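Model the full structure from these sequences, guided by the hints.
Heads up: the sequence lines are chains A and B, in that order.
Each residue of the first sequence is one higher than the one before, starting from 2 at the first, in the working numbering.
Each residue of the second sequence is one higher than the one before, starting from 2 at the first, in the working numbering.
None of these hints come from the bench; they were simulated from the model.
One or more hints might be untrue.
You can't tell identical chains apart in this list, so a pair holds if it fits in one copy or across any two.
Claimed, not checked - Each computed DMTMM-like pair below joins lysine to aspartate or glutamate, with the alpha-carbon atoms no more than 25 Å apart:
1) K175 to E272
2) K100 to E312
3) K175 to D216
4) K311 to D165
5) K462 to E143
6) K260 to E72
7) K311 to D142
8) K462 to D112
9) K260 to E434
10) K175 to D44
11) K100 to D80
12) K100 to D142
13) K269 to D171
14) K337 to D165
15) K395 to E434
16) K337 to E134
17) K175 to D31
18) K100 to E348
19) K269 to D112
20) K100 to E276
21) K100 to D233
22) K311 to D112
23) K395 to D129
24) K260 to E97
Being a predicted model, the structure only gives us computed values, none of them experimental.
One-letter residues, chain by chain:
2 protein chains.
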Amino acid sequence: MPFLLPFLFLLPGGGPTRPAGTADSPPPVDQALASLRSNGLSDLGAFGFLSRILECGPRLAGSPNAACAVERTRNLMVDMGLQDVHLEEVTVTLWERGKTDARVVGLPGGDLPLSAAALGGSIGTPADGVTAEVIQVQTLDEARALGDRGRGRIVFFNRPMPTDVLDTFDAYGKAADQRAHGASAAAASGAVAVLVRSMTLRVSDLPHTGIMHHDEGVPAIPAAAVSTAAADRLASLLAEHGTVRVHLELGCRTVGPVKTHNVVGDLKGRELHDEIVVLGGHLDSWDLDPGAHDDGAGCAQALEALRLLKELPTRPRRTVRAVMFMDEESGGTGGKAYVADPRRARERHVAAIESDRGGFLPLGFTILAEEPVLTAFNRWLAPLSNLGVTFLRKGYGGVDIHPLAATGCVTIGLYPDSQRYFDVHHCAADTLETVNERELELGAIQMAGLAYLLAEDGVPK
Amino acid sequence: MPFLLPFLFLLPGGGPTRPAGTADSPPPVDQALASLRSNGLSDLGAFGFLSRILECGPRLAGSPNAACAVERTRNLMVDMGLQDVHLEEVTVTLWERGKTDARVVGLPGGDLPLSAAALGGSIGTPADGVTAEVIQVQTLDEARALGDRGRGRIVFFNRPMPTDVLDTFDAYGKAADQRAHGASAAAASGAVAVLVRSMTLRVSDLPHTGIMHHDEGVPAIPAAAVSTAAADRLASLLAEHGTVRVHLELGCRTVGPVKTHNVVGDLKGRELHDEIVVLGGHLDSWDLDPGAHDDGAGCAQALEALRLLKELPTRPRRTVRAVMFMDEESGGTGGKAYVADPRRARERHVAAIESDRGGFLPLGFTILAEEPVLTAFNRWLAPLSNLGVTFLRKGYGGVDIHPLAATGCVTIGLYPDSQRYFDVHHCAADTLETVNERELELGAIQMAGLAYLLAEDGVPK
Chain A
2 MPFLLPFLFL
12 LPGGGPTRPA
22 GTADSPPPVD
32 QALASLRSNG
42 LSDLGAFGFL
52 SRILECGPRL
62 AGSPNAACAV
72 ERTRNLMVDM
82 GLQDVHLEEV
92 TVTLWERGKT
102 DARVVGLPGG
112 DLPLSAAALG
122 GSIGTPADGV
132 TAEVIQVQTL
142 DEARALGDRG
152 RGRIVFFNRP
162 MPTDVLDTFD
172 AYGKAADQRA
182 HGASAAAASG
192 AVAVLVRSMT
202 LRVSDLPHTG
212 IMHHDEGVPA
222 IPAAAVSTAA
232 ADRLASLLAE
242 HGTVRVHLEL
252 GCRTVGPVKT
262 HNVVGDLKGR
272 ELHDEIVVLG
282 GHLDSWDLDP
292 GAHDDGAGCA
302 QALEALRLLK
312 ELPTRPRRTV
322 RAVMFMDEES
332 GGTGGKAYVA
342 DPRRARERHV
352 AAIESDRGGF
362 LPLGFTILAE
372 EPVLTAFNRW
382 LAPLSNLGVT
392 FLRKGYGGVD
402 IHPLAATGCV
412 TIGLYPDSQR
422 YFDVHHCAAD
432 TLETVNEREL
442 ELGAIQMAGL
452 AYLLAEDGVP
462 K
Chain B
2 MPFLLPFLFL
12 LPGGGPTRPA
22 GTADSPPPVD
32 QALASLRSNG
42 LSDLGAFGFL
52 SRILECGPRL
62 AGSPNAACAV
72 ERTRNLMVDM
82 GLQDVHLEEV
92 TVTLWERGKT
102 DARVVGLPGG
112 DLPLSAAALG
122 GSIGTPADGV
132 TAEVIQVQTL
142 DEARALGDRG
152 RGRIVFFNRP
162 MPTDVLDTFD
172 AYGKAADQRA
182 HGASAAAASG
192 AVAVLVRSMT
202 LRVSDLPHTG
212 IMHHDEGVPA
222 IPAAAVSTAA
232 ADRLASLLAE
242 HGTVRVHLEL
252 GCRTVGPVKT
262 HNVVGDLKGR
272 ELHDEIVVLG
282 GHLDSWDLDP
292 GAHDDGAGCA
302 QALEALRLLK
312 ELPTRPRRTV
322 RAVMFMDEES
332 GGTGGKAYVA
342 DPRRARERHV
352 AAIESDRGGF
362 LPLGFTILAE
372 EPVLTAFNRW
382 LAPLSNLGVT
392 FLRKGYGGVD
402 IHPLAATGCV
412 TIGLYPDSQR
422 YFDVHHCAAD
432 TLETVNEREL
442 ELGAIQMAGL
452 AYLLAEDGVP
462 K
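Following this line, the structure appears as structure tokens:
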């Protein structure tokens with residue numbers, strides 16, 4: 002593309018617009034939102050916050066790296082002048098990965114290593130591993146129906162995320178049951194371990210981990226993700242040879258309860274101190290990856306949104322709060338602890354916005370509410386469209402803020418472009434280099450814009 | 002993000018949906034569009050087409066590489082079974098870059114090289130270059146007003162693209178006049194050469210080239226882009242030393258007229274053979290870069306859209322045509338030649354859709370039309386939203402298809418996420434690796450969807 006003719010005669014842009022409000026009276030809505038947009042895109046502060054968080058490394062809940070991120074984000078909040086910055090205790094169950102070795106054995110040409118990673122929460126294998134024939138299935142029901150054919154086997158769940166759906170979160174929802182419940186379904190048929198195809202739309206050599214559950218009433222058996230490339234190779238070998246044996250060693254184990262923290266900081270409301278609008282993401286990540294999109298991005302956006310709101314000449318009417326939640330990945334204990342904390346007794350949470358779907362181009366928000374609230378929210382679509390918001394529709398808010406929904410708080414999730422998310426999700430590719438500074442910033446700006454409206458006017462009716 | 006609770010109980014997705022129409026009666030619209038989406042996302046054919054085009058290398062109009070791309074895309078059209086595949090002659094003015102050397106001279110520590118690239122169409126310097134004091138300006142008017150202060154100088158245009166606007170095409174439109182007309186504005190004050198800050202929002206060491214014009218009535222002087230990092234260094238040196246001298250050698254020159262081609266292939270209409278819906282992009286790129294987003298992407302999407310439409314059980318009512326235009330970058334001669342070709346005499350062009358804003362997440366279409374046509378188009382927003390289209394709004398169609406507008410053809414541009422475009426535009430970073438397969442494919446699917454509606458129903462009224 003050369004330069005665009007229709008824009009040729011526009012004047013050069015001026016500097017950032019600062020709104021004209023005073024300490025007592027807020028600026029007009031359009032002016033306030035324009036200021037958030039202009040200051041955000043000029044400064045690109047979210048990327049700086051993200052870089053600082055990622056310096057701690059992968060942040061498995063309960064790990065020293067996660068503690069680093071707690072300290073780091075507390076300091077960032079203090080440095081930017083948030084009020085009542087403090088930590089709130091969360092008790093998480095620390096899990097550690099240990100050694101991983103997965104290989105096809107008994108092949109004429111020698112063993113074939115499989116790119117694999119234990120699933121979060123899995124028990125380990127005995128120290129010398131398990132070696133067994135592999136049986137391939139596509140669904141939990143198929144695994145449960147194996148009966149004696151599953152006994153002593155390694156069950157291999159190989160149903161891909163469907164590629165032909167528009168929204169990759171839908172595709173994930175149609176395949177992730179294998180990862181979460183595959184081990185227990187296979188254990189019901191007497192299996193000794195499971196391998197699960199990684200949850201990604203790409204054929205890649207990176208294994209994608211994620212939480213799994215040992216359901217009650219069936220034996221716990223070890224579970225590992227294999228990369229999609231390894232899954233395809235394993236399926237080919239099964240098709241070729243009929244019988245394939247795999248050796249699996251997982252050194253993973255549950256260590257036990259560990260104390261860690263949510264990090265909380267406020268921009269106190271101009272009038273209604275104890276009415277709260279929460280902006281949040283989760284500080285923890287998996288241990289395999291820097292957690293740039295999942296969910297360093299959400300934490301950085303929440304911090305940046307507070308910074309942008311704080312730059313307005315008038316504080317919003319209600320308190321806007323940043324919460325860095327701990328331990329979303331293995332059960333959302335931080336979100337539950339936040340609601341249970343005694344400090345909540347004197348507060349009323351009006352709304353909470355979480356960003357936990359990646360730092361990609363933000364497209365809109367999903368709102369966990371019914372009519373007529375949804376229609377009322379859509380009166381804000383026009384002003385928010387100037388920040389790039391294209392929809393405000395019914396949907397899930399977020400794992401960390403979901404416990405707030407039971408308190409009458411409206412929970413809302415930022416919804417970005419999903420096309421690239423599962424290229425990086427829960428694998429070593431979730432790095433800072435895959436984050437575009439402006440796309441990340443737009444998410445912060447949209448969160449700040451919606452938070453501004455909620456903090457000024459409350460939930461629309 | 003772990004797995005999303007609301008999706009947990011959805012059933013696994015089925016295979017791609019093939020619509021139920023016959024050779025004579027088209028399938029219902031929603032079914033046809035669902036088929037385009039499902040087949041496209043399953044096959045991701047656009048990325049394959051793009052890879053094949055990029056194998057030719059950078060494709061400056063008139064160069065052997067561009068001729069390779071002409072032959073390559075003709076073969077791709079033949080292989081996929083398009084009809085009347087043929088070349089249409091275009092005469093372009095070949096320009097070549099030759100040597101580039103730009104450096105700050107006379108510094109105590111020795112010369113400081115500046116990352117630079119001649120602007121397309123620029124004359125070269127004398128063989129031994131020009132060496133002159135640099136004077137910095139922000140606007141064309143400022144350059145024209147230099148008068149004697151510009152005489153014998155190298156004028157340095159250093160007005161950045163404004164960062165604080167949402168749409169980066171707007172930001173580009175507010176800065177690109179320096180690149181296009183900076184040389185002539187400076188020549189009016191007697192300057193001997195110009196350096197222009199690269200058109201990107203990033204601080205980077207890559208120079209971004211692009212077309213410039215030697216306006217009539219003023220002397221032609223050499224013009225080069227400098228990287229944004231080099232521009233910042235040069236500005237710092239000027240601030241520090243007051244006087245800074247630069248040596249510039251550009252070996253670029255206009256070679257002369259060369260014959261090359263547009264590439265055309267049809268999916269003939271079921272009923273109205275001579276009523277045409279064009280889908281296009283441009284085959285040429287700059288010589289510095291592989292032209293993945295600009296505009297290999299648009300060509301690949303047009304080819305893929307035809308492939309998807311051809312897979313429908315019923316051909317659309319009107320002819321849908323893929324056109325790979327030549328020479329968008331230095332003046333749109335291919336687009337003009339297409340309209341002027343005698344073959345057009347027996348055809349009526351209903352609509353033309355161009356993709357030339359990058360292969361990023363597609364968000365909607367800009368339509369060069371007035372009311373009530375725009376409102377009529379928006380009746381299609383609901384079915385097209387199932388392909389991810391978020392708007393159908395008034396706007397420019399595209400450089401290559403713009404000459405068709407004068408024939409009564411409605412011209413339409415695919416509009417993707419603009420946030421990442423100027424990171425890669427006209428520089429060496431515009432590579433295949435920066436293209437996401439699914440985002441690229443969605444653009445092809447959206448083009449196919451809108452083309453299907455236009456080919457079945459004509460321009461809505």
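Now for the hints, and whether the structure bears them out:
{"no.": "1", "hint": "K175 to E272", "in the structure": "neither (46 Å within a copy, 41 Å between copies)"}
{"no.": "2", "hint": "K100 to E312", "in the structure": "neither (48 Å within a copy, 49 Å between copies)"}
{"no.": "3", "hint": "K175 to D216", "in the structure": "within (20 Å within a copy, 60 Å between copies)"}
{"no.": "4", "hint": "K311 to D165", "in the structure": "between (43 Å within a copy, 18 Å between copies)"}
{"no.": "5", "hint": "K462 to E143", "in the structure": "neither (48 Å within a copy, 53 Å between copies)"}
{"no.": "6", "hint": "K260 to E72", "in the structure": "within (14 Å within a copy, 65 Å between copies)"}
{"no.": "7", "hint": "K311 to D142", "in the structure": "neither (53 Å within a copy, 38 Å between copies)"}
{"no.": "8", "hint": "K462 to D112", "in the structure": "neither (64 Å within a copy, 67 Å between copies)"}
{"no.": "9", "hint": "K260 to E434", "in the structure": "neither (32 Å within a copy, 42 Å between copies)"}
{"no.": "10", "hint": "K175 to D44", "in the structure": "between (39 Å within a copy, 19 Å between copies)"}
{"no.": "11", "hint": "K100 to D80", "in the structure": "neither (40 Å within a copy, 50 Å between copies)"}
{"no.": "12", "hint": "K100 to D142", "in the structure": "neither (31 Å within a copy, 67 Å between copies)"}
{"no.": "13", "hint": "K269 to D171", "in the structure": "neither (38 Å within a copy, 36 Å between copies)"}
{"no.": "14", "hint": "K337 to D165", "in the structure": "neither (36 Å within a copy, 38 Å between copies)"}
{"no.": "15", "hint": "K395 to E434", "in the structure": "neither (32 Å within a copy, 35 Å between copies)"}
{"no.": "16", "hint": "K337 to E134", "in the structure": "neither (41 Å within a copy, 66 Å between copies)"}
{"no.": "17", "hint": "K175 to D31", "in the structure": "between (40 Å within a copy, 23 Å between copies)"}
{"no.": "18", "hint": "K100 to E348", "in the structure": "neither (46 Å within a copy, 68 Å between copies)"}
{"no.": "19", "hint": "K269 to D112", "in the structure": "neither (62 Å within a copy, 54 Å between copies)"}
{"no.": "20", "hint": "K100 to E276", "in the structure": "neither (48 Å within a copy, 65 Å between copies)"}
{"no.": "21", "hint": "K100 to D233", "in the structure": "within (23 Å within a copy, 49 Å between copies)"}
{"no.": "22", "hint": "K311 to D112", "in the structure": "neither (59 Å within a copy, 46 Å between copies)"}
{"no.": "23", "hint": "K395 to D129", "in the structure": "neither (50 Å within a copy, 67 Å between copies)"}
{"no.": "24", "hint": "K260 to E97", "in the structure": "within (16 Å within a copy, 66 Å between copies)"}
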